[in-house]
Amino acid sequence: MTEPEATAPAQPLRVDHLQVAYGEVVAVGDLSISVREGEIYGLIGSNGAGKTSAIKAIMGLLTPRKGTVHVFGKDPVTNGILTRALTGYVPEVSILYDALTPREYLEFVASVRRLEGFRERLVDFASALQIEGEMDRAISTLSNGTRQKVLLVSSLLHQPRLLILDEPFNSLDPRSVRIMKDLLGAYVRGGKRSILFSTHTMEVAEKLCQRVGVLDRGVLKGEGTLQELRSQVRLPDATLEDIFLELTTDREQLSQIVDRLEAA
Amino acid sequence: MTLDWKERLRLANVLYREVTFQAIYALKSGNVFFSGDRKKQSEGPQLAQRRVLQSKITVAVLFLLTFLASAVALRFGRSYFDTSLSTVYFDGAIISLVLVVLFSLVWITGLQVALPFVSSQATTALLVLPLSEEDASWVSFLAFMRLFDAPLITALLFFPLVVGYSLNSVGAGLAIVPGVIATEVLALALSLLTARFFSRSVSGASGGSWSSLVVRWIYLVLWTIPSLVITIFITFSVQIITTLGDWQANDPTALQSVFALFPFPYGFLSASLSGTPGTGLPAIAVPVLLAIIYFVLVVFSIQWIHGAPLALSRISTLSPAKRNAGTELTLTTPAVAVLKKDLRIASRTPAYAFLLLLPLLDAFVLGLFTYLGSPAPFLAQRYAFAGVTVAVLLATFFGPVFFATEVIGFSMTRTLPLSQRTLIFSKTGLIAFVYLMAFAVVAVLVSSRVYDFPSFVLFAVVELPAVVAAAFLEIGVLLERAKQTGVPIASLYSGAWWTTLVVVPGLLVSIAPLALYSYVTLPYLPPLGWMAVVSLALVLIIGSIVLHGKNVPV
Numbered sequence: 007m008t009e010p011e012a013t014a015p016a017q018p019l020r021v022d023h024l025q026v027a028y029g030e031v032v033a034v035g036d037l038s039i040s041v042r043e044g045e046i047y048g049l050i051g052s053n054g055a056g057k058t059s060a061i062k063a064i065m066g067l068l069t070p071r072k073g074t075v076h077v078f079g080k081d082p083v084t085n086g087i088l089t090r091a092l093t094g095y096v097p098e099v100s101i102l103y104d105a106l107t108p109r110e111y112l113e114f115v116a117s118v119r120r121l122e123g124f125r126e127r128l129v130d131f132a133s134a135l136q137i138e139g140e141m142d143r144a145i146s147t148l149s150n151g152t153r154q155k156v157l158l159v160s161s162l163l164h165q166p167r168l169l170i171l172d173e174p175f176n177s178l179d180p181r182s183v184r185i186m187k188d189l190l191g192a193y194v195r196g197g198k199r200s201i202l203f204s205t206h207t208m209e210v211a212e213k214l215c216q217r218v219g220v221l222d223r224g225v226l227k228g229e230g231t232l233q234e235l236r237s238q239v240r241l242p243d244a245t246l247e248d249i250f251l252e253l254t255t256d257r258e259q260l261s262q263i264v265d266r267l268e269a270a
Numbered sequence: 007m008t009l010d011w012k013e014r015l016r017l018a019n020v021l022y023r024e025v026t027f028q029a030i031y032a033l034k035s036g037n038v039f040f041s042g043d044r045k046k047q048s049e050g051p052q053l054a055q056r057r058v059l060q061s062k063i064t065v066a067v068l069f070l071l072t073f074l075a076s077a078v079a080l081r082f083g084r085s086y087f088d089t090s091l092s093t094v095y096f097d098g099a100i101i102s103l104v105l106v107v108l109f110s111l112v113w114i115t116g117l118q119v120a121l122p123f124v125s126s127q128a129t130t131a132l133l134v135l136p137l138s139e140e141d142a143s144w145v146s147f148l149a150f151m152r153l154f155d156a157p158l159i160t161a162l163l164f165f166p167l168v169v170g171y172s173l174n175s176v177g178a179g180l181a182i183v184p185g186v187i188a189t190e191v192l193a194l195a196l197s198l199l200t201a202r203f204f205s206r207s208v209s210g211a212s213g214g215s216w217s218s219l220v221v222r223w224i225y226l227v228l229w230t231i232p233s234l235v236i237t238i239f240i241t242f243s244v245q246i247i248t249t250l251g252d253w254q255a256n257d258p259t260a261l262q263s264v265f266a267l268f269p270f271p272y273g274f275l276s277a278s279l280s281g282t283p284g285t286g287l288p289a290i291a292v293p294v295l296l297a298i299i300y301f302v303l304v305v306f307s308i309q310w311i312h313g314a315p316l317a318l319s320r321i322s323t324l325s326p327a328k329r330n331a332g333t334e335l336t337l338t339t340p341a342v343a344v345l346k347k348d349l350r351i352a353s354r355t356p357a358y359a360f361l362l363l364l365p366l367l368d369a370f371v372l373g374l375f376t377y378l379g380s381p382a383p384f385l386a387q388r389y390a391f392a393g394v395t396v397a398v399l400l401a402t403f404f405g406p407v408f409f410a411t412e413v414i415g416f417s418m419t420r421t422l423p424l425s426q427r428t429l430i431f432s433k434t435g436l437i438a439f440v441y442l443m444a445f446a447v448v449a450v451l452v453s454s455r456v457y458d459f460p461s462f463v464l465f466a467v468v469e470l471p472a473v474v475a476a477a478f479l480e481i482g483v484l485l486e487r488a489k490q491t492g493v494p495i496a497s498l499y500s501g502a503w504w505t506t507l508v509v510v511p512g513l514l515v516s517i518a519p520l521a522l523y524s525y526v527t528l529p530y531l532p533p534l535g536w537m538a539v540v541s542l543a544l545v546l547i548i549g550s551i552v553l554h555g556k557n558v559p560v
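So the protein sequences, as listed, match chains R and C.
Residues in the first sequence are numbered from 7 upward in steps of one, following this note's numbering.
Residues in the second sequence are numbered from 7 upward in steps of one, following this note's numbering.
Don't take each hint at face value.
[What the hints assert, rightly or not] In silico DSS-like pairs for lysine-lysine, Cα to Cα no more than 27 Å straight-line:
no. : chain 1 : residue 1 : chain 2 : residue 2
1   : R       : K187      : R       : K213
2   : R       : K80       : C       : K556
3   : R       : K72       : C       : K556
4   : C       : K556      : C       : K346
I should point out that these hints are in silico values taken from the structure, not numbers from a laboratory.
Looking at chain R on its own, in the form it has when it is part of the complex (with noise of 0.2 Å):
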């Protein structure tokens, strides 16, 4: 592929104070993170808490209210070309040219981005998420899973520096799970690439970040490693789960719903 990653500056992703609304609608009301060079960050929150329209907003999908977003020091909605170039993206809902096979959509996103030496990784994708017999078969024909194999694929051809997966596990089986999970953190081992998924899956998140921010209702609630995010809360043995609801849930509330559950 063309060489933009020569010119790259080095903190792959920088969001301070990211304000995104749909009209009178805030979905995110004050975000700031960064990822850094080689780690895997992971943006946790409940459904509708923000993650998907904060993921748009770095994609330069979204324009933002306020704040602002940069992807290796540029903003991806005037640099676009430069920022798309160096980033993979897998939407948390697989969106595809159903008229088409895998093999054509994976054609066309080679061709624009104009790939060179991919084949072998190809191969080994693939090979690996058990997609070759697939390759004939109309989109539209295709399980969910399957498709978003294909978009996973799609976002690795190019080996980008920064891949960003927003829920990228939700239709998979449980044995491609387990191999994208040891493949992202082959992934980022290098040092050179990094990740930034969003998930409401904690144990995935707890086994496969490094970092983690803690997002509800569009405002960021915690960040740092688990060990961090322990001491945040004063809870020296919690799980991620047990951090997650204690920054985002009223305990008590919640254990009120559970008990009429348990009654209905």
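On the provided structure of chain R, position chain C as indicated by the hints.
For chain C alone, coordinates are given in the frame of chain R:
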């Protein structure tokens, strides 16, 4: 327990709301609508229904215009057509030709509606309800019918009125009612059959093999038949009536054979009941028998049709996975990659393929007419120029629709390092390709007929920059708009009025050099020279405005 009709209609209404909503909004790119403000979201279903209603009224008005044209032909047409055909056959032929056009319009509309009906997957909601197969079938059928009830009811009510009024006969008007019913039912059955074939053989078929490519294109050519029939029957109605007149005088068997074909017996019966002399019982016995036979087919079709929409939505389109499909990819430049993608999508999506093929088929019809008509070379030259003009108009008119091939995939394309300039170039390339192909078709057919073939080729070549300028303008405007609202499905039922509106400035641009050539005489240069100057100026001015600052991502 079986549902009563009131309950079936209520459930069908829920299904109808979902299909309209899905067709208008859910397939918009990047979920722009869903990300919008809450007020718009809550108004969405009503807005979608309103837009579908507008589209239904548009089709109904199209039907009415066709009927009005037939009224003029029935009342005053004999002198215009200058035919030796007897009155009853003339009236019968006109009524039958309208039924053929109606059949084609219903077929094509049904096909337009059937595929979004399937892709909306709205009928899956029925699977979780405790409904019998019979009830589920009826609910699906009623929902499907609601998508174009207004045009069908319009035809059923107004065509008999038009026939009755035009022939001054209540009997003639009433006699055509079964003809309209038969036409609508058989056209619907055919649209559902062709939609089923598409879903089975094309939509879910594997890519990459020549056999699947051939099947796909056979289907797509088949898809253009109704529009071609409409074009031929309207354009060549005078020639058809004249030929029928000749047959009545010289070859009565040929005339009888035509009048035995559907829907001619219905047209003939209606005309016979208008009190025209010489149409007694012996003359109408055979048409009556044929009309009854066709109606038996209609009854069987009704039985099949009511289960067809549900069956259609359940078709499994899985093709077997290949063990060693391989992972070889063939790469090109970004602009060609977009073009290739669009052609692939168009060849698998009837609505787009139809627009790709229509200019070519119309050019073919005009070219064939010029070739077979053997007119004087000068006249042939004019026909050939007319063929190119039609190609220009159709390429400019339907060009913007190719932008809609992006639809939902556009949100993923927006995450790639693809510039707006590349996208505009590739879409413009597609429009220019359609124009050049249509020109090539005309050129091949008329090469031996026109007296100055090089001038004809030059005429088409100097018009090309104007077509490109029009495409730049249309695609540039659409791209700006799509970034705000998403890409809609550009079909008659999507209500995407702005994809149609953008055609107006596009047409003005592409027509300007043609108008200059035909109507204005300027000094210093021959007409073709001035045409070339204007055409080049248009592409330079519009191109520099539209492409300025477009080296930004889509």
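*Between C/K556 and C/K346, is the straight-line Cα distance small enough, at 27 Å or below?*
Holds, at roughly 21 Å.
_Given the hinted pair R/K187 and R/K213, is their Cα-Cα distance within 27 Å?_
This hinted pair holds, its Cα atoms lying about 9 Å apart.
_Pairwise hint evaluation, C/K556 against R/K72, where the allowed Cα distance is 27 Å at most_ = holds (25 Å)
*Agreement of R/K80 and C/K556 with the hint, judged by alpha carbon distance not exceeding 27 Å*: holds (18 Å)
Against the hints set out earlier in the document, no violation occurs for any number.
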